[in-house]
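**Student:** With the hints as extra help, turn the sequences into a complete structure.
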Amino acid sequence: MDAMIAWAPLLLDALSFVLVLALVSLGLVVIFGLLGVINLAHGELFMLGAYAVALAVGWGVPFWLAAALAALAVGAVGWLISAVLIERLAARPLDTILATWGLAIALRQGVVLAFGPQSRNLDAPTDADVVLGAISYPAYRLYLMALAATVLIATLLLFARTRFGLTARAAMARPDMAAALGIDVRRVWRRTFVLGAALAGLAGALIAPLISVDPYMGLGFLVPAFLSILVGGSASFAGVLVGTGIVGGADSLLGHWLSPLAAQIVVFVVAVLAIRVRPTGLVRAP
Amino acid sequence: MLTISDLHVGYGHGTVLQGVSMIVPRGTVTALMGRNGMGKTTLCRALMGLLAPSAGSIRLDELEIGGRPPHRIAAAGVAYVPQGRGIFERFTVEENLELGVAARGGRVPAHVYRWFPTLAELRRRTAGTLSGGEQQALAIARALVSEPRLLILDEPSEGLQPSLVEEMGSLLLRIVADRHLTVFLVEQNLALVRRIATIAAFLVDGRIAGGAAARDLSPESPVIHRHLGL
Ligand SMILES: Nc1ncnc2c1ncn2[C@@H]1O[C@H](COP(=O)(O)OP(=O)(O)OP(=O)(O)O)[C@@H](O)[C@H]1O
Ligand SMILES: [Mg+2]
Chain A
1 MDAMIAWAPL LLDALSFVLV LALVSLGLVV IFGLLGVINL AHGELFMLGA YAVALAVGWG
61 VPFWLAAALA ALAVGAVGWL ISAVLIERLA ARPLDTILAT WGLAIALRQG VVLAFGPQSR
121 NLDAPTDADV VLGAISYPAY RLYLMALAAT VLIATLLLFA RTRFGLTARA AMARPDMAAA
181 LGIDVRRVWR RTFVLGAALA GLAGALIAPL ISVDPYMGLG FLVPAFLSIL VGGSASFAGV
241 LVGTGIVGGA DSLLGHWLSP LAAQIVVFVV AVLAIRVRPT GLVRAP
Chain B
1001 MLTISDLHVG YGHGTVLQGV SMIVPRGTVT ALMGRNGMGK TTLCRALMGL LAPSAGSIRL
1061 DELEIGGRPP HRIAAAGVAY VPQGRGIFER FTVEENLELG VAARGGRVPA HVYRWFPTLA
1121 ELRRRTAGTL SGGEQQALAI ARALVSEPRL LILDEPSEGL QPSLVEEMGS LLLRIVADRH
1181 LTVFLVEQNL ALVRRIATIA AFLVDGRIAG GAAARDLSPE SPVIHRHLGL
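In order, the protein sequences belong to chains A and B.
Residue numbers are given in this note's numbering: position 222 of the first sequence equals residue 222, and the series is strictly consecutive.
Positions in the second sequence are counted from 1; adding 1000 to them yields this note's numbering.
Incorrect hints may appear among the rest.
Here are the computed distance ranges between Cβ atoms for each label pair [to be verified]:
#, chain 1, residue 1, chain 2, residue 2, range
1, A, 91, B, 1171, 45 to 51 Å
2, A, 278, B, 1171, 41 to 47 Å
3, B, 1120, A, 154, 31 to 37 Å
4, A, 98, B, 1216, 55 to 61 Å
5, B, 1204, A, 163, 41 to 47 Å
6, B, 1120, A, 278, 54 to 60 Å
The set of hints was computed from the structure by calculation and includes no laboratory data.
Note that the Cβ used here is the ideal one computed from N, Cα and C, for glycine as well.
**Tutor:** Structure follows, in structure tokens:
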């Protein structure tokens, strides 16, 4: 029982990290799956989400509304990136990697110029604790988990159950055939990119009160998100969730005993071993 | 219905079609025959907008569709059954059919299930598990759910046993009469062409080398020897 009480907050912390990371990974994987684009600027979209929420809260916007606006704003940035950069390069994977890498640097430097290199902190909308049986746990983290889980499920349902999801999956599987059936594949791409960007923006906004917000925070989430996809496999959403659970969970739990750097090295080694054993990911395509 | 004039299409290095001109009259099944590698599929893809012509024109009635994006050509009333069928193997039969109407909205029309009653029974099956004949039926049905004016069929008989080809021929005749459909049929199967087409044209070295009334063709015809013989 005592062990349970000691472990529960750690597990909840890990779960909240995993859920936020899953938003980032899911955005990355829908963009990769549909456009074949490895978006190296995805971490910066996440960072922009955190800055957007911090700015809006600074202007007096209530936190939750600010988080929603941050997701929309980053989605709009995604629209622009897709229209100006991605769609022109989509057939050239190496070019998109270079272009999004350059974009990542530009976005980071842009934020440094606009807001300075220093980190800032954002207060959570509530600092109340909720008593859960024998432990008490920050209410904000519980809200965050509920919201992230809801958005994840909604995104999965969007792809699995709606016409938009059907056309997106079709455009992913056979773009030419989808186009011949009358589907405007470019528009599907753009909407998917916007969705992926908005997910990253939301993740950044939700995590902002829990970590320090600085121009370089994106990398700290992009790397585990990539590892998650490599470990779990990019062929299905289940793969993304399993991979994120393993990578994010290990990262967060190990961080309690090891230094963050040592934890990341252990996670990295585990990920490399998992990829070695199952190069296409732990979860195969359905 | 469809007027192709002096069409040139290629793949970067060298043109495959070098001035194709032909007409597909409204309400007919017009066949295009030719040996392997002559560019029949290339022509179909250009008609559907999946390849951009380097010169020439494609008109659907009065509308120039050459070089337009495929979804616009589909919206203008053209549907395509590609060689190899282009089925979404991991999707269900129903999802495949729904994709045919996804762009313009609405449901899969009931008459399509009446033409293809087996598909109605297989609705929930994963398309990749269907037999070759069932997949071909699905590809044709998916093209028809959008109620096209012009249907492009690229070697629909490929890989099917003769009895199934015959069945498909009868069904196509029925649908063409029923919906006043115009069909552009690429085929190497002479029996099917004779059965359902009015006119057959021959594609040789990137140009139309001649045409004939489909019912006059036989394996012994000189044109068949010249353009399809080995
Ligand atoms: N994607 C491509 N890139 C480059 N060349 C191609 C491509 N597709 C086809 N070709 C070439 O274009 C020519 C015509 O090919 P196409 O597939 O149109 O012929 P086809 O008449 O449909 O043949 P088949 O009867 O085998 O289906 C061939 O020489 C082929 O090698
Ligand atoms: Mg062909």
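**Student:** All hints, please: hold or fail.
**Tutor:** Each hint tested on the structure:
The supplied range of 45 to 51 Å is broken by residue 91 of chain A and residue 1171 of chain B, whose beta-carbon atoms lie about 38 Å from each other. Between residue 278 of chain A and residue 1171 of chain B the CB atoms are about 46 Å apart, so this pair conforms to the stated range of 41 to 47 Å. Range check, residue 1120 of chain B to residue 154 of chain A: about 32 Å between beta-carbon atoms, so the 31 to 37 Å window is met. As the Cβ distance of residue 98 of chain A to residue 1216 of chain B is approximately 60 Å, the hint placing it in 55 to 61 Å holds.
In this structure the supplied range 41 to 47 Å holds for residue 1204 of chain B paired with residue 163 of chain A, their Cβ-Cβ distance being about 44 Å. The hinted window of 54 to 60 Å between residue 1120 of chain B and residue 278 of chain A is violated, with their beta carbons roughly 40 Å apart.
The structure shown violates the earlier hints numbered 1, 6.
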